[in-house]
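Residue numbers (the numbering used here): 3 to 127.
Check the hints yourself; a few may be wrong.
As the list claims (entries may be wrong) - Cross-link-like lysine-lysine pairs, in silico, DSSO-like; alpha carbons within 27 angstroms at most:
#1 K40 <-> K99
#2 K119 <-> K99
#3 K68 <-> K99
#4 K68 <-> K117
#5 K118 <-> K99
Unchecked claim - Derived DEER-like restraints, expressed as beta-carbon distance ranges:
#6 A103 <-> V24: 30 to 38 angstroms
#7 F32 <-> L57: 35 to 43 angstroms
#8 V14 <-> E41: 38 to 46 angstroms
#9 Y11 <-> V101: 54 to 62 angstroms
#10 S104 <-> V14: 41 to 49 angstroms
#11 G87 <-> R35: 40 to 48 angstroms
#12 L15 <-> R75: 56 to 64 angstroms
#13 K40 <-> E109: 20 to 28 angstroms
#14 A42 <-> F16: 37 to 45 angstroms
#15 I33 <-> K68: 48 to 56 angstroms
#16 Q70 <-> V127: 14 to 22 angstroms
#17 K68 <-> T37: 39 to 47 angstroms
I should point out that these hints are in silico values taken from the structure, not numbers from a laboratory.
Glycine residues also receive a C-beta, built at the ideal position from the N, C-alpha and C atoms.
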Amino acid sequence: MYKSDGFIYPAVLFVSAAVLLVISYTSSDFITRKTFAKEAGEYWIGENLLQNGALLSSRHMIQGQKTQSGTQRFPYGTVSFYIGGNDRRETVQVTIKAVTASGTRREAHLLFNHKKKQLIQWTEV
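Work out the full structure: start from the sequences and follow the hints.
Okay, here's the thing in structure tokens:
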């Protein structure tokens, strides 16, 4: 170690470059995972709101209520539905719109059979 002139500077550069490489990789991985978790959470909240809207509208039709639309607020968003058609038709089309607390909008159309009291078709827009 008596002749260590010029050894410290390249070693420090190499170690600092390696540390910066590891930090940049882990930070980009963390940001990617966080973004994915946020988007997945928004997706599942939207799905939950649409399912709640389908349950609300089907309960609305089965109970025979006269109004053709309704809105329900939840802590994580709002869901509204509109029932198209009248009670005399066998199948009724229902439009469900959901808005999450962060502003993401989702919409679904479904067909409901009055005689069988079951959901026939579900289409997300």
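Now the hints, each set against the structure:
1. Among the hinted pairs, K40 with K99 is consistent with the structure: their alpha-carbon atoms are about 21 angstroms apart, no more than 27 angstroms.
2. Taking the CA atoms of K119 and K99, the gap is near 21 angstroms; set against the 27 angstroms cutoff, the hint holds.
3. At most 27 angstroms may separate the alpha-carbon atoms for a hinted pair to count; K68 and K99 meet this at roughly 20 angstroms.
4. A threshold of 27 angstroms between alpha carbons decides the hint, and for K68 with K117 the separation of about 17 angstroms falls inside it, so the pair holds.
5. Distance check on the hinted pair: K118 and K99 sit about 24 angstroms apart at the alpha-carbon level, within 27 angstroms; holds.
6. Our hint of 30 to 38 angstroms for A103 and V24 holds, since their Cβ atoms are close to 37 angstroms apart.
7. For the pair F32 and L57, the supplied restraint of 35 to 43 angstroms holds, since their beta-carbon distance comes to about 37 angstroms.
8. Taking the beta carbon of each, V14 and E41 are about 41 angstroms apart, inside 38 to 46 angstroms as hinted.
9. Our hint of 54 to 62 angstroms for Y11 and V101 holds, since their Cβ atoms are close to 59 angstroms apart.
10. The supplied range of 41 to 49 angstroms is met by S104 and V14, whose beta-carbon atoms lie about 46 angstroms from each other.
11. Between G87 and R35 the beta carbon distance is about 46 angstroms. The supplied range of 40 to 48 angstroms therefore holds.
12. Restraint check, L15 to R75: a C-beta distance of roughly 59 angstroms satisfies the suggested window 56 to 64 angstroms.
13. Evaluation of the 20 to 28 angstroms hint for K40 and E109 yields a pass: the beta carbon distance comes to about 21 angstroms.
14. At roughly 39 angstroms, the beta-carbon separation of A42 and F16 lies within the given 37 to 45 angstroms, and the hint holds.
15. The hinted range of 48 to 56 angstroms is satisfied by I33 and K68, whose Cβ atoms lie roughly 52 angstroms apart.
16. One distance hint, 14 to 22 angstroms for the beta-carbon pair Q70 and V127, holds here, with the actual separation near 20 angstroms.
17. Distance hint check for K68 and T37: the Cβ-Cβ separation is about 46 angstroms, which falls inside the suggested range of 39 to 47 angstroms.
In summary, the structure agrees with every hint in the numbered list given earlier.
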